[in-house]
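Novice: The lines below spell out each chain.
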Amino acid sequence: MEAIVVEGLRKQFDPPKGPVAVDTVSFQIGEGEIFSLLGPNGAGKTTTISILSCLLRPDGGDARVGGFSVTREPEKVKALIGVVPQDIALYEDMSGRENLLFWGRMYGMSGAALNKRVDEVLELIGLVDRQKDRVDKYSGGMKRRVNIGAALLHNPRFLYFDEPTVGIDPQSRRSILDGVKDLNASGVTVLYTTHYMEEAQELSHRIGIMDKGAMIATGTQDELVRLVGERTRIDLTLDREAETLAARWRELPGVSSVSAPDDGSMWLSVQDANVLMPKLFDGARAVGARIIEISLAEPNLEMVFLHLTGRALRD
Amino acid sequence: MRALSIAWKDTRHVYRNIAGLALMLVAPLLLATALGAAFGSGDNFSIAAVKTVVADLDVGAEAGAPAAGATIAGALDNPDMADLLDVTKVDTAVTAKATVDAGDAEVAVIIPSGLSAALMASDSAGSEVQIYRDPALSVGPAIATAVVSSVVQSLNGARAAAAASVHLAVSLGVTEDSELADLASKSAEAFSGLAQSEPPVTLEERAPLVPGLEQQKRPNVASQVLVGMMLFFMLFGAATPSRSILDEHREGTLARLFTTPTPRSVILGGKYIAVFLVVLVQAIILLLAGWLLLGAHWGALGPVVVLTLCGAVVAASLGLVTVSFAKTPAQAGAVSSAIFVFIGLISGSFTGGANIGGAFAIVRRVSPLGWLLEGWNGVLFGGSWQSIALPVVAALAFALAFFGIATFFFRRRYA
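If you're matching them up, the sequences are chains A and B in order.
For the first sequence, this note's numbering begins at 1 and goes up steadily by one.
For the second sequence, this note's numbering begins at 316 and goes up steadily by one.
Incorrect hints may have been included.
[Unchecked claim] Covered stretches of chain A, as calculated for chain B (at least 3 residues, CB under 8 angstroms):
no., stretch
1, 51 to 58
2, 100 to 114
[What the hints assert, rightly or not] Below, computed lysine-lysine pairings styled on BS3-like, alpha-carbon distance capped at 30 angstroms:
no., chain 1, residue 1, chain 2, residue 2
3, A, Lys76, B, Lys324
4, A, Lys212, B, Lys642
5, A, Lys17, B, Lys642
6, A, Lys132, A, Lys181
7, B, Lys324, A, Lys137
8, A, Lys116, B, Lys324
9, A, Lys143, A, Lys76
10, A, Lys132, B, Lys324
These are calculated hints, taken from the structure and not from any lab test.
Note that beta-carbon positions come from the ideal geometry of N, C-alpha and C, so glycine has one too.
Work out the full structure: start from the sequences and follow the hints.
Specialist: Printed below as a string of structure tokens:
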């Protein structure tokens, strides 16, 4: 059963000349799924999640969340969703408990039920002992936990996470990813945006890849990887930068795409690595460069993105 | 309930800010205390007696006759003037001027030696009483000058009366010098006596009554100053919670609020309530502090309550409307401060406004604060409902317009 249905969503900022942030995007999310929107910065992920949160009104199209339209029934949609924003959105001069009580009231909760639920959430995010401390005394990881806890108070059916792991330490990141999986295991449908391929691969039942405001592919990880076909990924490192080499290798038969950041590393999507590898060494030698490290890998989402857009996710 | 939760959160946030509290509460009290002390904090306006030195060099017109200089000196040293003039007599003009130069006196009155002779002579070339004063002062020397001027006018009048009598007598054929001198002396005395007992023309000064006053009451200076300061600093008190909309926008909590089922109108309403509560509490604290610490008498309770509520509504609307134009909290701070100082200046917040008249009394009415000050002054001077009715209606009309503008801009930005 489709819990979230997005149809032809479009949003342009400062029309008519402003950028089209979301361009006729459509996708569905099943009940109980973790669906990730994957794409580089500026792909339109945050704009999409903002429309689904009823923060922004689309210029075209519509979306139904739990059967309610985000354009016509925003208050009903808001009652079903919990939104975890990318940045910490809490009141720093209030304690963790005061913050949770306040956000609970904004979801229409009150009295003993609210207090009981706040106790549960504090237990869940592991901040019972520090609940009376002001948030500005918390560590970054503790603030992240309260930031998530505030979205859980009303037991939402849908949880949106907007790039929740940007700029945080690996330990907190691990904690958030495990938390998302636990929440999903309890029956919550999750919409998760990220530009980290590894997170999308680890968490998602299904993934939507966005680029320049458009949804360029959706499916399970296996389905997306199959888009690349019978290709292999070659990762290599040169002893120095060789700008002309990427262009030269793109011309080789059997090379689908080449990603060449400035740091001397490269990766290629190729049809037959055995045939191509000697040619790669020859090419490097021809421009006076040396391959100092080379490895083969199965196709992944980054390769899919490269295959579909001609650019790397991190470009 | 949700609006009240937002209002309570914002109000607490403001009252947890020490710097903000200092601006809202301490600054107006300090200014009112300082100005009250400068102008007297009792029930009446008062200044210290003006230190005056008098050098009476007049030797008189003839032996045994009263000298005109003594009349001037006597007027200055009159016991009735003791609360205004503190007179010391010196022997020479040089000493008198040196006393003023040394700062030991504010003004010196130097009566020339030939004053009486000049008055008695029929063809006098004139004589000058010199007022020597500290150039940095104005009020004290003006009082001494006024007293001297009054006596000199009286002397000149007496001399004119004597001259007229003599002229008339000569035209009637009187030629004996002793007779003419006696006639002149009696005419001068008669003029002086008449001028002092039954002046034919008098000047009566009246202050216009405030409409609705049954009885004119004079408030102390601190009350008048504190009202102006209170209204002015209430604007700053309102600006802080008003800016919370921009602060929350920047910090992401406003967007998060918009993702909750709480309607945006309720969120905005909660913000408005917070601004109103903050300035209302500020006003109540300042009124109580003024009463307890400065001895301020605010007037009839009912009108005071209405004016206080009205002031809170006006301040809240002004705080919100100045913030509604701004894009960032910093921009809002700069813009609103400039606007508030301008409004404070044109409305008379810095003068207390009690004695404002003429064109300024009209100009101040372009500001809601001007109307409020008009209402407050009515109450301070003993007025009641009638004296505040028009100011309250006018101020609320301003507030309604400002709320409308602020709501329009906020809704357009966050719709």
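Novice: Hint by hint, note whether the structure agrees.
Specialist: Now for the hints, and whether the structure bears them out:
1. 51 to 58: holds (count 3)
2. 100 to 114: With 7 residues close enough to chain B, the hint holds.
3. A:Lys76 / B:Lys324: Between Lys76 of chain A and Lys324 of chain B the Cα gap is close to 25 angstroms, so the pair holds against 30 angstroms.
4. A:Lys212 / B:Lys642: Given pair Lys212 of chain A, Lys642 of chain B holds - Cα atoms ~28 angstroms apart, limit 30 angstroms.
5. A:Lys17 / B:Lys642: Given that 30 angstroms is the threshold and the Cα spacing comes to 22 angstroms, the pair holds.
6. A:Lys132 / A:Lys181: holds, 28 angstroms
7. B:Lys324 / A:Lys137: Holds, at about 19 angstroms.
8. A:Lys116 / B:Lys324: holds, 21 angstroms
9. A:Lys143 / A:Lys76: Status holds; Cα separation ~28 angstroms.
10. A:Lys132 / B:Lys324: holds, 16 angstroms
In this structure, none of the earlier numbered hints is contradicted; all agree with it.
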